[in-house]
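Visitor: Protein chains in written order, with the UniProt record's numbering: chain S, 1 to 173; chain H, 1 to 119; chain L, 1 to 405.
Since the hints were derived computationally from the structure, they do not count as laboratory data.
Listed below are several chain S residues computed to face chain L (Cβ distance under 8 Å; list not exhaustive): (1) I24; (2) L41; (3) M63; (4) L64; (5) K77; (6) F113; (7) H148.
In the DSSO-like style, the derived pairs of lysine-lysine whose C-alpha atoms are separated by at most 30 Å in a straight line are: (8) K106(H) x K298(L); (9) K164(S) x K298(L); (10) K89(H) x K201(L); (11) K159(L) x K153(S); (12) K298(L) x K171(S); (13) K68(H) x K106(H); (14) K159(L) x K21(S); (15) K89(H) x K379(L); (16) K159(L) x K201(L); (17) K159(L) x K379(L).
DEER-style ranges, computed between Cβ atoms: (18) Q402(L) x E44(H): 29 to 37 Å; (19) S181(L) x N74(S): 24 to 32 Å; (20) E133(S) x D37(L): 27 to 35 Å.
Just so it is clear, the structure is predicted and the values come from calculations on it, not from any experiment.
Note that CB positions come from ideal geometry on N, CA and C, so glycine has one too.
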Amino acid sequence: MKVYDGSQTESAAQSTPERIKVGIAEYKVTTEPALLTTSGLGSCIGIAIHDPHSMVAGLVHVMLPSAADIDGGNSAKFADTGVEALIEAMEDAGASTDTMEAKIAGGSDMLDFSESGSSIGSRNAAKVRETLEEFGVPVVGEDLGGDHGRSVKLEADTGNLVVKSANTESKTL
Amino acid sequence: MPDVLIADDSEFMRNLLREILEEDHEIVGEVENGVEAVEVFKEEGPDLVMMDIVMPIRDGIEATDEIKSSNPDANVIMCTSVGQEEKMKEAVKAGADGYITKPFQKPSVMEAIEDVVPS
Amino acid sequence: MNVDIQSLGTFNQLAHEGAEQATQSMGQMTGIDAVVDVTKITLLDRADVGEELVGRDFVGVQFSFDGVLEGDTVLAFDVDSAGTITEEMMPGSGDDEAMARSGIEEIGNIMMSGFIDGWADYVGATIDHSPPKYIEESGSDVLPDAPENGDHQQVFVFKSEIEWIDESVNFYIYMLPEYESLTEMMVEHVDTDGDAIPIDKLQTFNEMTTSGTQQAADNVEMMTGIPTAAEVTQISFAPIEDVPKQIGTDTFVGTVVEFTGTPSGYLMVLFDEVSAINVAEAMMPIEMDSEELTEQHKAAIEELGNIMTSGFVDGWANVLQTSVEHTPPRVVHDMGRAIMDPLAAQVGQHQEHAFIIDSEMRTDDIEFQAEIHALPNEKELRAALDDLDVERATETSADVEQIFK
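Required output: the full structure, derived from the provided sequences and hints.
Guide: In structure tokens form, the structure reads like this:
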């Protein structure tokens, strides 16, 4: 079994892990020690799920709260169906909801012009939490809200989620 | 020396107008929205209001309407980036005495003021 | 001539699937892992086609096609990526120029068949393509000349951008169909007539936007003293989830407003950080010489954004004889894509696809470049196009003197 001591030296010495880009309204699942990345999260949310037991990791980039609100579109576009699709794809790859852990980032309130009701960002966040709870997947880290954009990078082997913003230092969840 | 109230939500634009006007005018107030414009107008009774249109809380057309209906002798010059014919007609209807479109140069501001409040 | 939104969506989807098919073929031959990043349909002036390629060298493979759809198409690879591709196909061939060239031609041939076949299947008819023509050109010269048509100054371009996973190089597939054959095909495939848009009026709308961009550029010049020229203006159509990708991941400074009326939507004025500082300082009475973006810079950008926004939308309102209101500008300083993202989400609550109106302006004097992007709500854009009187298209500016006489 491979042991990770958390230091950066080991990974730096290895060949760089494969980068897997996840676009808006897309999800990707991997069983390799890859880097799953998605950029430009405004009111969108990136949901990173890691199962340390089976070493399966996945990332989905959702845009709107619920598939029930609009006709058509693919499942990964919405918080409810997107989380579901990701969890199912991870189960197909051998993961189990019993050992999955989720980290979420995004859901900013920036540029919300709606005068009444809550922003899309916060509605997205509420829907993501609700859906994860339905599947019994705990949220173990989050960086939500605020008025800035984010990009995220999920290290599939460790489950670390690195969150970057344009004007602040990056942080690891 | 005529006294002037400046209503514009942009700090940059208030500064610019102040620089253009302060030599020959007394600036009695600088406000950021239509509600404050009406309030300060009532308190200070300036000879002239330089009024932006797109402002938060209350826009410049509504504020002009209120100022002019309570005080028909008031002088209001719209000073705005909006160059739409329908908007200009709305401004006329609200009682505006002049209309300057941004970006402007000092001479055009002075000319518009001279037309409305002859020295 | 009306085309419904659904069939524009279908055509975009065909181009996207075609590009995916082509990319897959390439993957099978070379082992190169690539994905189709964006596919969009753009209507723009023929002279502006390929503006985004300027300053780079390309190896391309051109084809002409005819049948139910006529026109030209090209695969354009960065010079470096072309070398990599042939090397992957046939190790050692990178040094043999004739072999490399033949490899590129063949790969282009196979990719292009994949691209065109989907279209032919959809319309249930044949589209033939010519043998590949190999070219090495710089910038937009890699593209075939846009098809000539006396009646139409503008052309529809289908553009797919394909990205290699492990490399920082991209390649492109452009398809330039003849206006008539394309619109005829679109009209024939109208599914419903409820949400149809008058496609010819989109051209007029583009012309109005061009003059709005010129007005915005003139406003910049008046406020800064920097001679500023309007560049490309175009209107594109893409699935809502591809909208944020229209803007890069670089950091931008600018303003965003919501506009209401006919049309309605969101409008952003964006500057890269260097341009923002340069233009803000040109507006200030005192020398700042700052490298960093300060609050004073942002205040100047806020007002400039406001004035540029008005310059841009006033023309629409005046031609349509209506008023278009906009909120006070909100200043943004963030990753470009993240700025567009919440706006796309807001529009995306009501529609699956979106029109995106893009304009650019720049100057030669100092490093300065600005982009304007508008994201109209489909329903109000359609209403605006319906109301649009083509005869009034040049009446973009209002006469203050006439109204305040």
